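**Q** Need the complex rebuilt from these two chains, each delivered in its own frame; the hints are there to steer you.
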Amino acid sequence: MTEPINGEMPTASAAMRRKSRWFMAGALVVAAAAFLVITLGGISKNLVYYWTPTDLHAAGDKAYGATIRLGGMVAPHSVQGRNGASGLEFDVKDATGIVHVKSSGVPPQMFRENIGVVVEGTMTRAGYFQCNRLMVSHNNEYRAPKAGHAIDKKELQKLMRSTEGLKD
Amino acid sequence: MIPTLGRFLILASVLVATTGAFIAYAAGSKRSPEGLRWSQRFAYLFAALMLAATGVMEYALITHDFSVEYVSHVGSTQVPLWVTIVSLWSSLEGSILFWGFILGIYIAATTWVNRNDHQEYMPYAIGTWLSVGAFFSFLIAGPANPFLTVANPPLDGPGPNPLLQNHLLMIIHPPMLYLGYVGMTIPFGFAIAALLRGRLGQSFLRPLRASLLLPWVFLTIAIMLGGWWAYEVLGWGGYWAWDPVENASLLPWLTATAALHSAIVMERRGVLKGWTVTLVQASFLLTILGTFMTRSGVFNSVHSFTQSSIGPTILIFLAAVLLFSVVLLSFRIDSLEAEGQLDSAVSREGMFLVNNLFFVVLTFTVLVGTCFPLIVEAIKGKQMSVGRPYFDAMVVPVGTALLFLIGVGPALPWGKASRKEILRALLPPLITGAIVMATGLALGVRNVWTVLTLLFGGYAAHVTMAHMWLPFRQRVKRGDAIGPALVDAQLRRGRRRFGGYIVHAGAVIVFVAIAVSSTMRTQEEVTLTRGQSTTFAGYTVTYLGSEERAEPHRQSTIARFNLSKNGTAVTTMEPRMNQYAAMREPIGTPAVYSTITRDYYISIMNLQGDQAGVLIINMPMVGWIWGSVIMMGIGGLVALIPSRRRTYVVSPVPAEAAGDEVPA
Chain A
26 MTEPINGEMP TASAAMRRKS RWFMAGALVV AAAAFLVITL GGISKNLVYY
76 WTPTDLHAAG DKAYGATIRL GGMVAPHSVQ GRNGASGLEF DVKDATGIVH
126 VKSSGVPPQM FRENIGVVVE GTMTRAGYFQ CNRLMVSHNN EYRAPKAGHA
176 IDKKELQKLM RSTEGLKD
Chain B
535 MIPTLGRFLI LASVLVATTG AFIAYAAGSK RSPEGLRWSQ RFAYLFAALM
585 LAATGVMEYA LITHDFSVEY VSHVGSTQVP LWVTIVSLWS SLEGSILFWG
635 FILGIYIAAT TWVNRNDHQE YMPYAIGTWL SVGAFFSFLI AGPANPFLTV
685 ANPPLDGPGP NPLLQNHLLM IIHPPMLYLG YVGMTIPFGF AIAALLRGRL
735 GQSFLRPLRA SLLLPWVFLT IAIMLGGWWA YEVLGWGGYW AWDPVENASL
785 LPWLTATAAL HSAIVMERRG VLKGWTVTLV QASFLLTILG TFMTRSGVFN
835 SVHSFTQSSI GPTILIFLAA VLLFSVVLLS FRIDSLEAEG QLDSAVSREG
885 MFLVNNLFFV VLTFTVLVGT CFPLIVEAIK GKQMSVGRPY FDAMVVPVGT
935 ALLFLIGVGP ALPWGKASRK EILRALLPPL ITGAIVMATG LALGVRNVWT
985 VLTLLFGGYA AHVTMAHMWL PFRQRVKRGD AIGPALVDAQ LRRGRRRFGG
1035 YIVHAGAVIV FVAIAVSSTM RTQEEVTLTR GQSTTFAGYT VTYLGSEERA
1085 EPHRQSTIAR FNLSKNGTAV TTMEPRMNQY AAMREPIGTP AVYSTITRDY
1135 YISIMNLQGD QAGVLIINMP MVGWIWGSVI MMGIGGLVAL IPSRRRTYVV
1185 SPVPAEAAGD EVPA
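Chains as they are written, first to last, in our numbering: chain A, 26 to 193; chain B, 535 to 1198.
It cannot be assumed that every hint is accurate.
Some chain A residues judged to face chain B by a derived CB distance under 7 Å, without partners named [stated by the list, open to error]:
1. L72
2. V73
3. T92
Below 30 Å or equal to it, Euclidean Cα-Cα: the simulated DSS-like pairs (lysine-lysine) are [what the hints assert, rightly or not]:
4. B:K916 / A:K70
5. B:K916 / A:K127
6. A:K44 / A:K70
7. A:K118 / B:K954
8. A:K118 / A:K87
9. A:K127 / A:K44
10. A:K87 / A:K127
11. B:K914 / A:K70
12. B:K916 / A:K87
13. A:K87 / A:K44
14. B:K950 / B:K1011
15. B:K1011 / B:K954
16. A:K87 / B:K914
17. A:K118 / B:K1011
18. A:K44 / B:K950
From chain B, some residues computed to sit far from chain A (all C-beta separations above 12 Å) [unchecked claim]:
19. I536
20. L545
21. S563
22. D599
23. S843
24. G845
25. P923
26. A968
27. R980
28. W983
29. G1013
30. G1065
Hints were generated in silico from the structure; no laboratory data involved.
Computed from a predicted structure; not experimentally measured.
Cβ coordinates follow ideal geometry from the N, Cα and C atoms, glycine included.
So here's chain B without its partners, still in its complex pose (with noise of 0.2 Å):
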């Protein structure tokens, strides 16, 4: 019963999406007004449909109907509610499933959203949603149906993935992730409908620049819950390793802060229209690219699902929508006519084309770095991986660049400036710059990458909160009263340039908290018995021994371990190992003993009777990384709220320095 009525929502979904497409794309050709209202309604259907899909997937799961194909696999009775209702994204039918979903919620929140503007672009735009939506269902509906019959249904199944089940962060990040990832489609489905137009107007920046950073919030949270959850889980005391999906996640996001900046630079001086829009292509080509890596099994971490079956389908999808976006932009890009020209290398947007200049670059040497042993096994056969040291030797010293623009970037003014303006803007900030660095070096920080980041991350620092705060300033300065002068400069008209600096500084800190937490830890691995000590990094360690308790889905291990500083205790720490039914081997669970300055981690390799195999590891700063991230997410939401429509009028003549902005 609920294997047919799932099967049939599918394939009503590919149907409705199909010709919703059709539809769309005809209107859009035709100019049809009535077309377009078809369009949207099929746009609302498509996305009723994957929510009941959806919804009767979760009722499966629920109720342990293991007749379900899906729920056979990834659903058991014994684990809590929280694990059942998750496991719709655990495993990879039910995470194509979610993924329809909210791409269903996207298509309908942005035709609702924009119902009676653009018309001109919108048909295209939901014609191309659509035919993604029409991919994904197909996907769903077969090389990876979750709602496959099983003849003879199973009392009882094995449950997500343990490691899924580890830890709450796991409830949060998936659907985070598919939000980011997935919400690439609409910026993509607006570039697509420019290109079709022809013209990309001011007023259809405002579409295009929000559809672009929601699903940038999205991706920036999702990918540091994501190394938070490594840190947290896997207990080797680290955030990130240049894991192929890691770094399939990292891609998107390069290109859409790229395509961030460059539509600043579009909107207020009218050119690089077509760089925009290619770079918005990318953002989507790179998360399908993205899906191929996790869902199709040539990659085994720990994100990726096992079966392959869907791998060449995708890859094929790729191939279709590389192809089409390529020749659209050959045939297309010189309509999206440059309005306006530049100026000056020295000013604004100069800086702005050497940021997406180093964004590219990174993308590029992730990218290679990535699809090299794959490309080295298609041809010959033989397995390898590109180590650490190529992604740490290749990123730090453009990452070093970026910081150092966020500083000199916002202090530059647009357009023509005399050398007495530029360096009355650039030399002060270099104080804060130098106090930071000579800081960091009484501290003991030696390693020179790390030096120049405190260098840059101070000078960087001041600048942003000199011009996140300049309109506040002036209205001050003017003689307005402070609180109504706050509210109106911070937040009422430049919510958008307050908010990119939010993610401005939140970015600062992030570049520091991990060139800090990367250099300056240390690590120890030691086997204590029971009542030993050791001393490391200031404090002693005493391992107070183990015990067993049971859970119903999970066996576990707890080792407790005395903390104390200079005699006095701290606090106790308690790494585990649990045994998950499901696994042979137990998953290690660090515990991690956290301050302001540094993290103190504790990680169980084994238990042996009295003794205990730990890792310790001392990590100053990581803690900074997880806040200052959701600061960035909460700078792009500020940016994101619509203010007071304001629509630039391009002209030869560059701004004041007071209207500035930076991108979200």
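Chain A on its own, in the form it takes in the complex (with noise of 0.2 Å):
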């Protein structure tokens, strides 16, 4: 076994080491800050929000162009279009708003009326929201079916942050 034994450094040598060190000390830093810039524009620019309906009408213009998972509940007799691949329009609503919804893919198995949905894509000002991606509401875990189905919340929202069947 060779081990090579740590060796003092000509004391020469040693300031310059040291100014060398505060150099890339400062070094690091800036590229840190630039790193930090760089990365948080880059997050702010690709935010999805996590929005109801009531969310959505109180973001005003914020809405337009943002990328939005829309929760709340597919409104009853709301669905047109169900037949074909494209052009499915429903209204997804909450306990105080209601926004319309145009989707162009085929939707789920699952997907009916009075069931939770949460709808990926944005608010147009045309004032409809443009749906390019549609997930219905399903617990994992066993739960016998209740009639009717109300709208649970927290499922909801378990939703919105799941990245199940995500589509480009």
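**A** So this is what it looks like as structure tokens:
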């Protein structure tokens, strides 16, 4: 086994080493600051907001163009264009707000009226929510299906955070 | 009976791990050989207790003993035996027990392998491992106890999460991930030992490097298996979504990869000791952070468990380890004095530094993007997430630059080199790069990043292949017979460098396959009535109808599609919807038709009478990802097999190019 022994550095270079160390520390701080500015800038441009219809109305102009996961219940008698690949429309509502949603995709099997959904997309200036992704609220744990299935706020929040079935 | 036995074993393991850790640290500071022998015994005993506890739990699962609370949560007499066996890691409590089981194996194996070596470091290492072991057995004994008794045992249980029953990949993905995650404890123990001892000699690099490489191999394979599983099961036609929990598995992989590279510079030039130790510590801390993310319920995803009671405990442990690591580093990093110095930036070691910089930037990028929503929610109470475009925009450029480095780094010589030497090394591979890029352009690649990836990928492939076989070619040139030259150059002497280049070759293919499959992918959502066809991406898909099939644990609806090309039938595809008793919503399982160039992917969105709403995806090159990641794992294993004992004496004179190494 050859274990090199830590040798003493020549004292002449000690001062230089200290100086270069300060320089390194300074460079590191600058680099870290630049990095933070870039990442936080990137994050703020790509945030996905988790809102209910009421939150969405409260956000006003901020909703246009922003990526939003809107969680709520499919309003009764609001679903149009069930058949065919394109042109599904429905309303998502909570206790105090309602938003009209247009979706182009094929809805999941469980999609129906009075069920909790989370739609991802953005609010358009034309006054409807353009949805590119539609998720139906369901619970992974065993529970006997309840009649009517009242919307479960907690479950919706969980679904909003989920990335299951994420599409580009 | 079973719950009592289990609880007894766990309590004993808490006791053994705690006592063992104290003895080991004391043996370290007193340099007592007797103390070291005792701490080794405690390490073996801890492993034996963990093994026994896990065995007891498996016994309870297989015999459907519903008086054990964990079994009553995840067990079911209706599921196949393999599902029952893997139920051990299908829910929170069992998965922590499984964690302890793997930790026990790692600790015992590493202690045994080094039982007569590295005496000055081993007590501290064993002490650190047993401290981690004490924490996890405390978790099992307290907040996540799977051995609680059910007062009125049910006759049957619900079975594990149906998503986990849906595919056989679920048998191997979690154990691989745990082998990777838990394994990071071992190099962490070695790093702490080096810091506590106040030195990191050349001979100690061997166990440090090997203990880092083994979990790295497991983690690499596990991340790929997770992506593959998502692709085969979740039905959205992708393998990576920047899900917080996926990120959690990637973060320690990034720092561990960086550490494997900086360890080579440390070995060759005697510098970057403190830095390598820092990266090893970071890898361990990130595995604990990942555990917090998956186990605390702060994120909801397919990977995470719902209970949240152990979150705060893990967070406290994370904070304690972080504090300990930072304090220890700040006091002791100076004692890991550099023995050599770096001569030139445009050199092999210079490229290693750039590599480390990129890996650290990637780590922070992903870490910030993953934790930002958590911090905002904790402070402002608002819910949000960071979208995929952030990760893509940040990671793609750095990733592409890393691919460039895979080409440039190994081409450059160690130490100082003349401009002429550098140009002679860097220019020829450009031809291969240009050819690959031109081929891509001819085949319709237009995305700028993909074009760059092809250029750098071709370049890196050329350099990797040239260097992989360099020792062999040198021996043949010298006049050796081909057979012996091959064995001697690639497998007997140069195994580490050979393995390293295999990893690089696999990585190059992964880069290209990811770029091509994500930018060249096309998809279509369509609703087909029975007998109706649609033509997409060169194939005609005809919906033939669906049938029901009942299995003991699920009810399947199988849709049948005929796939034909230019009027000739190619294959029949059968995506299905599985309805499990424990779930209200059926789970779709897509059907994939793979060829060497691309995958054709059909996923059912819904089935209504005669109609099927389907998602059809055309993904080029996606199959290459799985194969080449396995190749990376094999390369890692090749490099891991101990070769002839060799210790570099750090010298100011750079060694000749033929003896060079790439990470592994």
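**Q** Are the hints correct? Go through all of them and say.
**A** Status of each hint after checking the structure:
1. L72: 5 Å, holds
2. V73: 5 Å, holds
3. T92: 5 Å, holds
4. B:K916 / A:K70: 17 Å, holds
5. B:K916 / A:K127: 26 Å, holds
6. A:K44 / A:K70: 40 Å, violated
7. A:K118 / B:K954: Violated, because 70 Å separates the two Cα atoms, which is more than 30 Å.
8. A:K118 / A:K87: Roughly 19 Å separates the two Cα atoms, so the pair holds.
9. A:K127 / A:K44: 63 Å, violated
10. A:K87 / A:K127: Since the Cα atoms of K87 of chain A and K127 of chain A sit roughly 19 Å apart, the hinted pair holds (cutoff 30 Å).
11. B:K914 / A:K70: 18 Å, holds
12. B:K916 / A:K87: The given pair, whose Cα atoms are some 15 Å apart, holds under the 30 Å limit.
13. A:K87 / A:K44: 49 Å, violated
14. B:K950 / B:K1011: 27 Å, holds
15. B:K1011 / B:K954: 24 Å, holds
16. A:K87 / B:K914: Judged against 30 Å, a Cα distance of about 18 Å means the pair holds.
17. A:K118 / B:K1011: Judged against 30 Å, a Cα distance of about 77 Å means the pair is violated.
18. A:K44 / B:K950: The given pair, whose Cα atoms are some 24 Å apart, holds under the 30 Å limit.
19. I536: 23 Å, holds
20. L545: 30 Å, holds
21. S563: At about 20 Å from chain A, S563 of chain B clears the 12 Å cut-off, so the statement holds.
22. D599: 20 Å, holds
23. S843: Given a closest Cβ separation of 16 Å, the condition holds.
24. G845: Holds, because the least Cβ-Cβ distance between G845 of chain B and chain A comes to about 15 Å, which exceeds 12 Å.
25. P923: 5 Å, violated
26. A968: 31 Å, holds
27. R980: Nearest chain A Cβ is 17 Å from R980 of chain B, so the label holds.
28. W983: Holds: least Cβ distance 15 Å, greater than 12 Å.
29. G1013: 32 Å, holds
30. G1065: 16 Å, holds
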